[in-house]
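J.: Residues per chain are reported as follows:
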Amino acid sequence: MTSRSLTRRGFLRWTAAAVPAVGLGTRGQPTAATNLPARADAGDVLSGESIDLVIRKHKIDIGGREATATLINGSLPGPLVRLREGATVTIRVANELEETTSIHWHGLLVPYDMDGVPGVSFPGIDPGQTFTYRFTLRQSGTYWYHSHSGNQEQTGVYGPLIIEPSERDPIAFDREHVVMLSDWTFEDPKRVIARLKKLANYYNFNQLTVGDFFRDVREKGWGATLSDRLMWGGMRMDPTDIADVTGYGYTYLVNGMTPDQNWTALFEAGERVRLRFINAGAMTHFDVRIPGLEMTLVEADGQHVEPVVVEEFRIAPAETYDMVVQPPAAQAYTIFAETMDRSGYAAGSLAPRPGPRGPMPHRRQPSRRTMADMGMVPSTGMDHG
Amino acid sequence: MRRAGETGRRGPRVALAWMSAALALLFSVTPAWAQPPAMPEGTGTLLAAIAESLQTKAPTPATPPTSDDRIHSFLLIDQLETQFGTNGTNALYFNVLGWLGGDCNRVWLNAEGTQIYGGPLEDTDVQLLYGRLIAPFWDLQVGVRYFQSNSSSPPRASAVLAILGLAPYWFETQAALFISNKGEVSARLELEYELLLTQRFILQPRLETNVSAQRVSELDIGQGVNDLQLGLRLRYEIRREFAPYIGVSWTSRFGETADFARADREPVQTWSIVLGVRLWF
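Protein chains in written order, with the numbering used here: chain C, 1 to 385; chain V, 1 to 281.
One chain only, chain C, in its complex shape (with noise of 0.2 Å):
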């Protein structure tokens, strides 16, 4: 497996140690009284009150096909930016693309000129400029940042944002890690936009055919399959039409890790550990679980919630939730998170070890929408126009 990233310096990434494509982890606070965290990994992780990132285009690998990316200093996703609730911190970007870019911090309450927005909040980052993000952290959770700018944020300008709690974490835990899937193009995303432009259903190659209408009236009868087939008609509305972009045109990615990469999250038996999950796709919902655990999630969204065991849920494009799993046994399991039109999946490992790999799930069939699903209940007798 080769090192993700491919600056000068030779940045490792914040999930690699000794190891690459595998996250030690950084450990949580120990159940003793300090609140000090120790830091098991040395990887691409930015804290302090001063920091830089800068954004160049660079060429990358990605499951072993060659990609041009825009990265945040050199790696996808950029690095982990670490911060602490109640410092305030200096975060310098530099813009050595040829076009406009700009950083915005997903979930953060700062001042509305350092949002990052531009043509909102500011004139964005001209190329070659330098602009200077200045805040003072309000809060603490997963967060994630990412370029306000055109197509960037689809083609790797992402990264980690944890901001830890001033007080202590009511969360207990012995190790985390941070799990970001994304979803990855490896044309220009203007082109995708363009053939969107021309054909809607450019990328849906589970569409209703003949064949299905035959096989809905063996199990559903002909009224029932007539009078549905002419209510999505007559909306010219398609049932099948869960995602503009599908697995046909998208890789999806953990921590910018195909599933053939297996990006591991390690852990020791009897361990609690935190997972971090992050969805920085561009436009894809995840429905991830770890078969053979549960988990149960303790934030979202960077907030605290009371928690709750969940064997799989759902993440759409910039959420955050924290898990925090215990796997009884030093074995591997697979973090797997299928898209909501079940067309391709991203997976990862949680294993004792690189290498080993939990059973892979079976693939589920996708889904249809239905009239709840578009906010109509048929039997008020709603006009469909």
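These are computed hints drawn from the structure, not numbers from a lab. All of these numbers come straight from a predicted model, not from anything done at the bench. Worth double-checking, as some hints may not be accurate.
[As the list claims (entries may be wrong)] Sample of chain C residues lacking proximity to chain V, with all beta carbon distances greater than 12 Å (derived): (1) Ser50; (2) Ala94; (3) Thr185; (4) Lys198; (5) Asp238; (6) Thr258; (7) Val308; (8) Ala332.
[As the list claims (entries may be wrong)] Below, simulated EDC-like cross-link-like pairs (lysine to aspartate or glutamate); rule was C-alpha separation at most 20 Å, straight line: (9) Lys197(C) <-> Glu194(V); (10) Lys197(C) <-> Glu187(C); (11) Lys198(C) <-> Glu241(V).
Even for Gly, the Cβ is constructed at its ideal location relative to N, Cα and C.
Starting from the known structure of chain C, fit chain V onto it as the hints suggest.
T.: Then chain V, alone, in the frame of chain C:
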């Protein structure tokens, strides 16, 4: 066959009046759903205050931050086929559609023509239109059309008023009204439907009919329904943009148009097997 009706002296003025009315209607009415929302009171002052307080200039970035109003273009070669007629004549037929513009305003190009093997280009029909999205799924188009049925018959220029869109139950619809430079009024309707046999095998039935308000003997057109074309094409999408197809096509002329055909010793009904490719960019 697209032929216009017979002459009237008021022809050109009528055409101009129609076009002006259509353009006025298009430009005067912006549907409510296409208008931007009104800004709340005091927004202007707030924005000015923000702009003033920024250390650099007002927030206008070098590159527009969003790419939601780009201009795109589309060229669809809907039919590029050889027609093997059962009466022995083979012809090459093409039908092209293109647009350039944004989401609401576009310039459209329609072009079609037939070339009987060993003969010249016939039935050429080129339209240049301005189209505007007037309702979800529907464009209203205004423009000009040039057509000539064959080298021996006189060409016509027409004003066009058309509606193009997707009708309920997924019927691709094009309906157009033509008023020629000689005041001949005619109309055309085209309908297409796509049936998916598999994700890549798509069966496309097609219907086209032309009607004329007047009898135009110099163009061999009768009054009323001139003709009806029915086609069934099965394509395989190797890629979305490239799909070879095979199909059948049936054309029939009616009424006076059929009489004209008989007089010219041309068939009233023709069947052909068609083989072609559908591409788009």
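J.: Now look at each hint and say whether the structure bears it out.
T.: Structure-based check of all given hints:
1. Ser50: holds (19 Å)
2. Ala94: holds (16 Å)
3. Thr185: About 15 Å separates Thr185(C) from the closest Cβ of chain V, which puts it past 12 Å; holds.
4. Lys198: Lys198(C) is in fact no farther than 12 Å from some Cβ atom of chain V, at 5 Å.
5. Asp238: violated (9 Å)
6. Thr258: Fine: 23 Å to the nearest Cβ keeps Thr258(C) off the interface.
7. Val308: Holds, because the least Cβ-Cβ distance between Val308(C) and chain V comes to about 36 Å, which exceeds 12 Å.
8. Ala332: holds (35 Å)
9. Lys197(C) <-> Glu194(V): holds (19 Å)
10. Lys197(C) <-> Glu187(C): Holds - the C-alpha atoms of Glu187(C) and Lys197(C) are around 16 Å apart, at most 20 Å.
11. Lys198(C) <-> Glu241(V): holds (10 Å)
Hint violations for this structure: numbers 4 and 5, all remaining hints satisfied.
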